[in-house]
Amino acid sequence: MSQKVFIAFQDNDNARYLVEAVMQDNPEAEVQHQPAMIRIEAEKRLVINRATMEETLGREWDVQEMLIDVISIGGNVDEDDDHFILQWN
Amino acid sequence: MAIKNKKLNLKDKYQYLTRDMAWEPTYQKKEDIYPDEQFEGIKITDWSQWEDPFRLTMDAYWKYQAEKEKKLYAIFDAFAQNNGHQNITDARYVNALKLFLSGVSPLEYAAFQGYARVGRQFSGAGARVACQLQAIDELRHSQTQQHAMSHYNKHFNGLHDAAHQHDRIWFLSVPKSFFDDARSAGPFEFLTAISFSFEYVLTNLLFVPFMSGAAYNGDMATVTFGFSAQSDEARHMTLGLEVIKFILEQHEDNVPIIQRWIDKWFWRGFRLLSLVGMMMDYMLPNKVMSWAEAWEVYYEQNGGALFKDLERYGIRPPKYQDVANAAKNHVSHQAWGTFYQYSQATNFHTWMPEEEEMTWLSEKYPETFDKYYRARFEHWDKEQKEGRRFYNNTLPQLCQVCQIPVIFTEKDDPSVFSHRQIKHEGERYHFCSDGCCDIFKNEPEKYIQAWLPVHQIYQGNCGGADVATVVEKYYHINLGVDNMEYHGSPDHQRWLDIKGLKPLQSNSEKKTAA
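Same order as they appear, the protein sequences are chains A and B.
Under UniProt numbering, the first residue of the first sequence is numbered 1, with each subsequent residue one higher.
Under UniProt numbering, the first residue of the second sequence is numbered 1, with each subsequent residue one higher.
Hints should not be assumed to be uniformly reliable.
Straight-line C-alpha distance at most 30 Å; calculated DSBU-like pairs for lysine-lysine [stated by the list, open to error]:
1) K11/B <-> K44/A
2) K44/A <-> K319/B
3) K287/B <-> K423/B
Here are the simulated distance ranges between beta carbons [as the list claims (entries may be wrong)]:
4) E43/A <-> D497/B: 27 to 37 Å
5) Q24/A <-> A22/B: 32 to 42 Å
6) N442/B <-> D78/A: 42 to 52 Å
7) H379/B <-> R16/A: 47 to 57 Å
Since the hints were derived computationally from the structure, they do not count as laboratory data.
The structure displayed is predicted, hence computed values, not measured ones.
For glycine and all other residues, C-beta sits at the position ideal for the given N, C-alpha and C.
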C-alpha cells in the first residue's frame with residue numbers, strides 16, 4: 001500500500017520559496033495547487049533543508065519560520081536546526 | 001568566555017527551557033501532586049522519553065505567534081474596511097459561518113479549557129509544556145474566529161449569540177457533548193481523543209478543504225483565520241502522533257486501552273464531521289472538492305498511512321472504519337436533508353440546491369445522489385416554490401451517545417435507517433449505530449447522564465412546550481429571521497440589494513427604521 005507523507009502551505013510569497021526548495025530536494029514529490037493552498041505529497045519521506053532554503057531565499061532561514069506558513073502535515077516529524085523531515089516508517 | 005555568545009541549538013534550547021525548568025518534588029508525594037495520572041490504567045515508566053519534535057520553547061512560541069497575529073489582524077482590518085462581505089460568492093455561504101461560530105468556535109474554547117486542565121495533570125515536564133502551548137493556541141483560535149465573524153454579524157442575521165446557543169440548541173449538543181465527553185475523561189483519554197483522534201486523524205477534514213473552500217468563495221477573513229489556526233494545528237497534530245507513540249512505547253498493557261479509545265474517538269469524530277460534510281457539499285456555493293473526495297484524501301489515504309505506521313505497536317485501524325468509509329457517499333445528503341426539514345429550529349437558513357448544484361452532486365456521487373436523494377430534494381424544491389415549504393414538526397429520536405438524530409442508514413442498505421437499542425437497568429436506550437452502542441456499553445454510567453435536547457424539551461426543561469417558545473426564548477433565535485428557508489429571508493433580500501447595486505442604508509439608519 002502506498003504511504004504518502006504530505007505538507008500543505010498557504011499559497012503566499014513565503015510558500016513559493018518553500019515549494020521551490022522542497023522540489024529541489026525531493027524531485028519525486030507531487031505539488032497540488034488548491035484554492036489558497038499548496039499541498040505537496042511524497043511516498044514515505046519528504047525533507048526540507050535549511051541550506052537549500054537559504055540558497056533559494058538568499059538570506060538566513062530558521063527552520064521554525066516554516067511554522068508561520070504551514071497549514072497541515074502528515075507523517076512523523078523529525079526537526080532540528082538543519083532540516084525538517086516527514087516520514088512514515 | 002567564547003561559549004557565552006554561542007547560539008544554543010534547538011535541542012539544547014528545548015532541554016534548558018522545558019525539562020530543565022522542572023524539578024523533583026521533595027516534601028510532597030508525586031501521586032498527591034498528580035492524582036489523576038494513574039486511574040485510567042495507563043502505565044508510564046519514563047517520562048523523559050517524551051519527544052516534542054517541534055522542540056518549541058516559550059520564546060520562539062511568542063515570536064512566531066505574534067507574527068501570525070499581526071498578519072491575521074491586518075487582514076481582518078482590510079476585510080472590514082473594504083466591505084469584504086460584499087465580495088463573497090453568495091450570501092447562502094454565510095450560513096456555514098453561523099454553523100461554524102456556534103458549533104466549532106466554542107469547541108476551540110473547550111479545547112483551551114481541556115488542555116489547561118490536563119497540562120496540570122501530567123508529571124512529565126515535556127507533556128506539561130506541550131499542553132500549555134496548545135491551551136494558549138486554542139484560546140487564540142476561539143478569539144480570532146469570533147473577531148473574524150464579528151464583521152459578518154454586522155451585516156447578516158443569526159450570528160448574535162453563539163456561546164449561549166452552543167449550550168442549548170438541539171444539534172449543537174452534538175459538538176458540545178463530544179468535547180464534554182473528552183473533557184470529563186481522564187488526562188490520557190483526553191489526549192487520545194483530542195490530540196490524536198481528532199487533531200491528527202480528523203481535523204484536516206474541517207480546516208483544510210473547508211478553508212480552501214472559504215477562499216474559493218471570496219471569504220478572505222475566514223480563510224485567513226482558518227489557515228492561521230491550522231498553522232498551530234500542524235504542531236498539535238504532531239503532538240497527537242507523538243503522544244500515542246509515547247504511551248504505546250511505555251508499556252504493552254497500554255495497547256488495548258489505547259485501541260479502545262481510538263475505536264471510540266474515531267467513531268465519535270466521524271459522526272461529528274457529518275456537519276462538515278454537509279457544509280462542504282451544500283453550503284459552499286463554489287465547490288472545491290466533495291466530502292467523499294476529502295474523506296478519501298484525508299482519511300482513507302492519510303489515515304491509512306498512519307495506521308500502517310502504528311501496526312508495529314499492535315494497533316489496528318479503528319473498528320467500524322469500513323462503515324465510515326462506505327458512508328462517505330451518504331452522510332452529507334442525509335445531514336442536509338435533516339437540517340432542511342428542521343430549519344425552524346436552526347440558527348441558520350437552509351435551501352435546496354440549485355439545478356447546477358444538483359448536477360455537481362450527481363457527478364460527485366454517481367452511485368448515490370440520483371438514486372437515493374435527488375427525487376426527494378426536487379420534491380421539496382417544488383413544494384417550496386409553490387408556497388408549501390416543508391418543515392418537520394415531529395421531534396426526532398436522538399442517539400444516546402453522539403446525540404445526532406437517528407438519520408443515518410445501514411451500510412449495506414441505504415433505504416433502512418440504522419437504529420440500535422438496548423436495555424440498561426430497566427431503561428431503554430437508542431443509538432444510531434453499532435459504533436455508538438459499543439461506546440455506551442463500555443461506560444453506561446457516563447452516557448445515561450447525557451443531556452439529550454429532545455428529551456429535555458419534552459420534559460419541559462427548555463422554556464416551553466412549543467417550537468416557537470423554545471426557539472425564541474430558550475435558544476435566542478429570531479424565528480423566521482435568523483432561520484427557516486433562505487429564499488425570501490432578510491439575508492437573501494439584503495444580498496439582492498448588495499448585488500443589485502442599490503444604495504444601501506447605513507447600519508445606523510437601519511436601526512432607526514426598525
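CB of H379/B to CB of R16/A, is that within 47 to 57 Å?
With Cβ atoms ~49 Å apart, the hint holds.
Under the criterion that the straight-line Cα-Cα distance not exceed 30 Å, is the pair K287/B, K423/B satisfied?
violated, 44 Å
Take the C-alpha atoms of K11/B and K44/A, compute the straight-line distance between them, and say whether it is at most 30 Å.
holds, 25 Å
Falls inside 27 to 37 Å, the C-beta gap from E43/A to D497/B?
violated, 53 Å
Q24/A paired with A22/B, Cβ distance criterion 32 to 42 Å:
holds, 41 Å
What's the verdict on K44/A and K319/B, does the C-alpha distance respect the 30 Å limit or exceed it?
holds, 25 Å
Cβ separation of N442/B and D78/A, checked against the hinted range 42 to 52 Å
violated, 36 Å
Checked against the numbered hints above, the structure violates hints 3, 4, 6; every other hint is satisfied.
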